[in-house]
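> What follows is the residue order along each chain.
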Amino acid sequence: MRLLKTKLIIPFFILISIGCYANEIKELDRLTVKGNSFVNSENETFVFRGLNASDPNHLENLGHWNKSYFEEIKKWGANIVRLPVHPADWNERGKEAYLKLLNDGIQWATTLGLYVIIDWHSIGNLQTEMFQSDRYDTTLKETYDFWRTIASEYGNNTTVAFYEIFNEPTTYGGTLGSANWDTWKTINEEVIGIIRANGGEGIPLVAGFNWAYDLTPVLNEPLDAEGIGYVSHPYPQKRKQPWDAQWTKDWGFVKDKYPLILTEVGFCGPDDLGAHLPVISDESYGEAITKYCDDNEISYVVWVFDAQWAPRLFEDWDSYKPSRQGEYFKKKLQSYNYD
Amino acid sequence: MRLLKTKLIIPFFILISIGCYANEIKELDRLTVKGNSFVNSENETFVFRGLNASDPNHLENLGHWNKSYFEEIKKWGANIVRLPVHPADWNERGKEAYLKLLNDGIQWATTLGLYVIIDWHSIGNLQTEMFQSDRYDTTLKETYDFWRTIASEYGNNTTVAFYEIFNEPTTYGGTLGSANWDTWKTINEEVIGIIRANGGEGIPLVAGFNWAYDLTPVLNEPLDAEGIGYVSHPYPQKRKQPWDAQWTKDWGFVKDKYPLILTEVGFCGPDDLGAHLPVISDESYGEAITKYCDDNEISYVVWVFDAQWAPRLFEDWDSYKPSRQGEYFKKKLQSYNYD
Amino acid sequence: MRLLKTKLIIPFFILISIGCYANEIKELDRLTVKGNSFVNSENETFVFRGLNASDPNHLENLGHWNKSYFEEIKKWGANIVRLPVHPADWNERGKEAYLKLLNDGIQWATTLGLYVIIDWHSIGNLQTEMFQSDRYDTTLKETYDFWRTIASEYGNNTTVAFYEIFNEPTTYGGTLGSANWDTWKTINEEVIGIIRANGGEGIPLVAGFNWAYDLTPVLNEPLDAEGIGYVSHPYPQKRKQPWDAQWTKDWGFVKDKYPLILTEVGFCGPDDLGAHLPVISDESYGEAITKYCDDNEISYVVWVFDAQWAPRLFEDWDSYKPSRQGEYFKKKLQSYNYD
Ligand SMILES: [Mg+2]
Ligand SMILES: [Mg+2]
Ligand SMILES: [Mg+2]
Ligand SMILES: [Mg+2]
Ligand SMILES: [Mg+2]
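If you read the sequences in order, they're chains A, B and C. Letter by letter, the first sequence follows residues 1 to 339 of UniProt numbering. Letter by letter, the second sequence follows residues 1 to 339 of UniProt numbering. Letter by letter, the third sequence follows residues 1 to 339 of UniProt numbering.
If a hint is listed, it holds; no wrong ones were tucked in.
Under the rule of at most 27 Å between Cα atoms (straight-line distance), these lysine-lysine pairs were calculated in the DSSO-like manner:
#, chain 1, residue 1, chain 2, residue 2
1, A, Lys185, C, Lys185
2, A, Lys291, A, Lys331
3, A, Lys141, B, Lys95
4, B, Lys141, A, Lys141
5, A, Lys95, A, Lys141
6, C, Lys141, C, Lys95
7, B, Lys255, B, Lys185
8, C, Lys185, A, Lys141
9, B, Lys141, C, Lys185
10, A, Lys141, C, Lys95
11, A, Lys185, C, Lys141
12, A, Lys95, B, Lys141
13, C, Lys185, C, Lys141
14, C, Lys185, B, Lys185
15, C, Lys238, C, Lys255
16, B, Lys141, C, Lys95
17, A, Lys95, C, Lys141
18, B, Lys255, B, Lys331
19, A, Lys291, A, Lys321
20, A, Lys141, B, Lys185
21, A, Lys141, C, Lys141
22, B, Lys185, C, Lys141
The set of hints was computed from the structure by calculation and includes no laboratory data.
Could you put together the complete structure from these sequences and hints?
This is the structure we're talking about:
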């Protein structure tokens with residue numbers, strides 16, 4: 001198995017238009033799950049290192065939802081971009097108008113050869129329908145409808161490689177009521193069924209409790225579903241250093257049997273903008289998490305390509321000047337030799 | 001057992017007003033379930049052949065919600081009319097205003113000696129609260145409240161003979177999530193309990209999956225409820241010809257033990273207005289379904305007495321000129337000799 | 001064990017401000033559950049005799065939500081006041097604005113040495129989400145969120161001694177669908193978990209079916225929760241006289257093992273304003289219920305300190321002239337010698 005260079009990917013794209021610009025990508029290769037890996041139609045393994053966008057509605061409101069934003073993401077070395085759709089933003093803009101934003105983003109990503117994760121960016125407990133704050137407020141009914149909509153709309157769009165069912169499940173220490181893995185498993189299986197029945201050919205991604213950190217229940221009770229991947233968000237303060245053995249026990253072991261993608265990693269210093277538990281750390285975290293991922297062929301996506309949200313990757317919208325973690329991850333992402 | 005002529009029914013009506021016009025009907029006889037039949041207070045079996053109205057709110061918006069619409073239905077030979085209340089229409093007009101429409105319709109039906117089915121006209125999956133389109137969108141909570149309202153309002157009105165709990169249950173090939181008979185059975189039993197507790201003296205009607213086509217689970221798991229009827233919507237393309245043996249296996253067998261009413265049947269040609277799966281056929285379907293019903297004393301109601309909805313029964317609102325299926329069913333309904 | 005005089009309570013208050021007026025109470029002692037009693041930090045038993053306010057939003061709309069209303073309640077001899085928050089009022093005013101009303105009321109109560117019950121004043125069936133009328137309409141999701149909000153806001157405020165989870169559970173004779181104790185028990189346990197996790201240090205109160213009259217299921221299936229109390233609303237017409245033996249069987253037996261508080265009692269004559277089942281009676285009820293409570297150290301709170309709601313305690317807002325039951329209960333409450 002080898003890790004593919006992005007440039008090598010291009011030959012696999014199917015050029016569906018003759019009249020296109022030279023090298024402009026028209027369609028990406030469909031990714032699927034094989035064993036514990038994401039593979040293309042040639043059975044070649046893909047490992048992703050990418051960046052999180054902030055919410056498309058938020059970016060549009062700020063005037064930053066445009067192709068140059070995606071070009072900058074590409075320039076930083078990403079081969080995937082995650083689009084976190086916040087329930088409140090989904091409702092604020094309305095389904096039809098939000099889909100137009102996604103249409104544009106997916107088109108820009110396609111042209112640049114970036115894969116896309118669509119992420120239903122709620123935080124909380126779907127079992128009691130209680131959430132961390134109003135921006136994350138949703139219902140089970142709305143969550144089902146969101147995935148029906150996304151699968152109907154983008155199910156055969158190969159750029160939209162991943163459907164991240166629910167960003168960060170948590171009872172927030174019981175303040176959002178109780179939850180149990182059995183019910184959570186059932187809810188995810190229901191969503192996967194809905195995605196597939198509506199034509200979703202991409203890969204559903206499933207997270208565990210503790211804000212998507214904990215995948216231990218997967219050991220004995222994996223989902224009854226084929227062709228999916230698992231997610232963890234191992235921010236630095238989730239565990240004390242040294243991290244490796246704990247990471248393996250908490251979520252890394254999943255990679256023995258299933259594909260694994262860390263859809264949020266990142267850090268900032270204690271005095272940086274928006275610093276908060278559990279993201280405060282330093283470059284030692286960057287080194288540790290990227291080494292852990294590289295050693296185990298685990299994909300990761302850094303949070304967040306925005307100048308205000310935390311931990312941020314750049315400091316201002318004009319220059320995209322990297323923040324502290326921006327310096328680290330920009331260099332790291334650009335260093336990969338996919339040949 | 002004999003099939004009653006409408007004229008013979010009149011003597012059973014209780015005339016509650018002395019000052020009424022001669023022969024104007026004031027109240028219909030209460031229908032109940034006896035064995036596998038609908039019977040009146042004299043234990044005489046009633047078999048229904050009727051027509052579906054379109055939504056009362058829709059008709060009111062078009063200026064067609066009036067007594068002459070009901071008179072035309074009567075003229076075509078119907079002894080029952082089904083009123084499909086769409087959730088979106090129920091919400092658009094508002095509960096109080098919608099009840100006024102129903103009050104009028106029920107009064108016109110009473111005067112003409114037509115029985116009424118009130119039908120909660122949703123299509124989809126109440127278990128996930130996902131529906132075929134926005135017009136059918138509802139919740140379990142709203143469905144319970146609808147039936148509480150209808151039973152409170154019309155529970156002792158003998159014209160409102162039937163409460164059709166949910167028009168067409170379907171997972172739409174899983175696109176609306178999963179459903180199972182056990183839960184569906186429980187939901188219907190809950191609604192029946194609500195109807196009865198709120199004074200609903202009429203007959204609850206229960207449909208099965210596959211857009212109300214499939215009643216096979218009734219064989220081993222009938223509802224735990226007395227005094228109810230079952231429903232099927234055997235549109236022509238649900239099965240390939242010859243139909244009879246398949247119909248018996250899919251829903252006709254129910255009539256061995258329970259009353260059965262096909263609250264939607266109908267057909268149109270492939271080029272007729274609004275032609276769509278599963279309604280495309282020809283007069284051979286009309287012959288087959290009416291013969292099957294007549295042979296087995298199964299009631300049926302033709303969809304739909306409207307010039308735009310499909311398959312339509314007439315072509316324009318001024319003349320009520322029958323459509324192709326209108327020709328067939330008008331003649332058929334008028335042919336019954338109920339003596 | 002002895003019943004404490006209010007005056008004796010004052011030494012237990014922790015004066016948190018030095019610059020306060022002499023004797024102005026700054027904070028009440030935290031109450032907890034010990035065995036079958038409510039106790040303070042000195043393990044001294046508290047028995048409550050208090051009054052129900054009407055809804056704070058309703059009072060604010062009438063111009064009566066002010067300190068003099070609380071002073072009058074205190075003057076009548078109450079040592080506790082219950083604040084019934086109606087779901088429709090909660091929504092009408094909005095969460096933030098309603099909390100401001102509660103802030104004021106809790107502050108006035110504190111200063112006067114009155115404990116407070118916050119009561120989610122719905123009537124109906126949370127299991128089907130059907131309610132007695134629109135003013136009581138809510139959902140399970142909203143109920144969870146209400147208690148999350150109240151516990152976050154007032155969890156360490158010692159004046160807010162009690163959280164009454166749901167005023168009056170009832171299926172209304174099945175018209176609101178079915179309910180069962182197992183599910184009701186689970187819902188209450190979930191709410192208690194939410195309250196505690198959000199920092200609610202007060203005492204959750206749990207009611208049974210039949211409009212909070214019936215606690216018989218507690219005999220064999222008490223809640224799996226520590227530190228809670230049970231509630232009954234034994235209005236006079238719930239049982240025919242003589243009451244005592246029936247009360248013991250229906251809810252009084254609970255006091256053998258758990259603290260018990262009758263958060264609504266009261267009566268009016270058949271011709272009094274708003275007279276309705278089950279509140280019609282006379283002073284013999286007042287004598288019986290207060291003697292039953294006093295003999296068994298059961299707390300009670302009279303419904304309702306308002307001139308229009310029924311059964312009312314006073315006849316006009318200017319003079320607070322007692323109604324018939326007002327005469328009875330004002331004298332009774334003022335008669336207690338808590339030494
Ligand atoms: Mg996050
Ligand atoms: Mg609901
Ligand atoms: Mg239909
Ligand atoms: Mg809900
Ligand atoms: Mg009450």
